[in-house]
Amino acid sequence: MSVTVLVVDDSKLARIVVGKTVSVLQPDWKKVEAGNADEAQALLAAGGIDLAILDYNMPGKNGLELAQDIRNSYPNMPIAVATANIQDEIIAQARAMSATFIPKPINEDGLRGFLSGAALRLRAKG
Amino acid sequence: MNDVISLDELEHDALTELVNIGVSRAAASLRNMVGEQVTLSVPSVDVVTREAAATLIGERESDELVAVRQDFNGAFSGRAMLIFPQTNSMALVRAVTGEGFSDDEAQALEQEALAETGNVVLNGCLATMANMLRRPLSMSLPQVVRGDGKTFFELGHPSADAGVVLFLYINFTISGRDIRGYIAMLMDLPSIEALKQLIGEFISRVMGADDLGQLT
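As they're listed, the protein sequences go chains E and R. Under our numbering, residue 126 is the last one in the first sequence; the count climbs by one each step, no gaps. Under our numbering, residue 216 is the last one in the second sequence; the count climbs by one each step, no gaps.
Note that these hints are calculated values from the structure, not bench results. A virtual CB, placed ideally from N, CA and C, is assigned to each residue, including glycine.
If the Cβ cut is set under 8 Å, some of the chain R residues that face chain E in the computed set are:
(1) Leu10
(2) Thr16
(3) Glu17
(4) Ile21
(5) Ser24
(6) Arg25
(7) Ala27
(8) Arg31
(9) Gln37
(10) Val38
(11) Leu40
(12) Val42
(13) Met132
(14) Ile203
(15) Val206
(16) Met207
Just a sample of chain E residues kept apart from chain R, beta carbon distances all over 10 Å, derived:
(17) Val3
(18) Gln26
(19) Glu39
(20) Gln41
(21) Ala46
(22) Ile49
(23) Asp50
(24) Gln68
(25) Asp69
(26) Arg71
(27) Pro75
(28) Arg95
(29) Met97
(30) Gly110
(31) Gly113
(32) Ser116
Here are the in silico distance ranges between beta carbons for each label pair:
(33) E:Thr4 x R:Arg135: 33 to 41 Å
(34) R:Thr49 x E:Ser116: 45 to 53 Å
(35) E:Asp38 x R:Glu193: 33 to 41 Å
(36) R:Asp63 x E:Asn36: 32 to 40 Å
(37) R:Gln107 x E:Arg112: 49 to 57 Å
(38) E:Leu25 x R:Asp104: 53 to 61 Å
(39) E:Asn36 x R:Glu59: 25 to 33 Å
(40) E:Arg123 x R:Asp178: 45 to 53 Å
All chains should be built: construct the whole structure from the sequences, respecting the hints.
Given below as C-alpha cells:
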C-alpha cells in the first residue's frame, strides 16, 4: 500500500526540510505540500492522504485549528503538529485531539516516532 | 539604489522561520514566568528605513511605550526589544512577580521585573537563532527605556547606511492578563550582509548543498 503524507507549512524551506526527513525515514512514501490551511483542505478533499504534518504558527488558521478540522473529518488520520512553541497549553491541545507534538526544528529524531507509529496504524487498518 | 543588500525569497523564508523558532521558544519561557498562555503572530521581516520601522510601531500605539532592549554583537549585530504599552507595564510585573506583593512593593520591583522578563525573552530568542546559524552572539545587559518608537530605534553607532535596517517584529498577547506587545529586532546594513551569508550556509546545511540547484 502506498502512503501519502501531507506537509503543511507557510515556510517553503521548512516544507523542504520535512519532506527530506520523511524521505530518509520512509523512502517509499509520497509527499504533498500545502502553504496554508486552505490549500491543505483542498488537497485533503481531493483524497488519498494518509497522514498530516502541520506547522503551528501560520497565517490564517494555525496548525491546531487545522488539526481540529482534519480530526473532525478524518477521526483516525495520524496528525502531527510541529512547533518550537513548547507551551503547556499548546502541547495539551495537541494531545486532546490525538495529534502528536513534534519539536521544531524538524529532524530525524523528532519525526521518527510519529512516522513509525503512523506506519503501524496505517498497516493495521490495511 | 541597487547597492542595498536585499534577501531573496528563500533567504527571507529561512530568516522568517529562524525568527519564528527563536520567538516560539522565547514565548514558552515567558509562559513559564507569567503562568498564562502567550500567543504570537507570524513574524514580519522587512528591509526598511529606520523611520519606517519606528513608524510601524508608533502609528499602532498612541500611548507611551516601555521597552526592554538589549544590543547583540557577533557575526552580526543589532538591537532586540520587548515593547509594550506603558499602561500594561504593571500588569506584566504583577504577572511575573505573583500576587504576594503590595502595590508599593510591586511598583518598587517594576524596573527589575521588566529587565528580567526582557532578558529571558530576548536571550531565548537570540540564543536559538545564534545556535541555528552556528555563530555566537554576545548580549548586553537589559535596559528599560520609556518613550516612543523613535527613541527605541536609534542605534548607538550611526553608520553610513542611508538609514536602512532589517526590521523583524512579532505581536504577542498574554491571555487572561490583557497584556500585549511586540518583540522587535533591528540590524543595520553591514549586519544584513553578514546575516545573508550565514542564512545561505544555514540553508545549505538543512537542505544538503546538492539540492540547491533545483530550487530557483
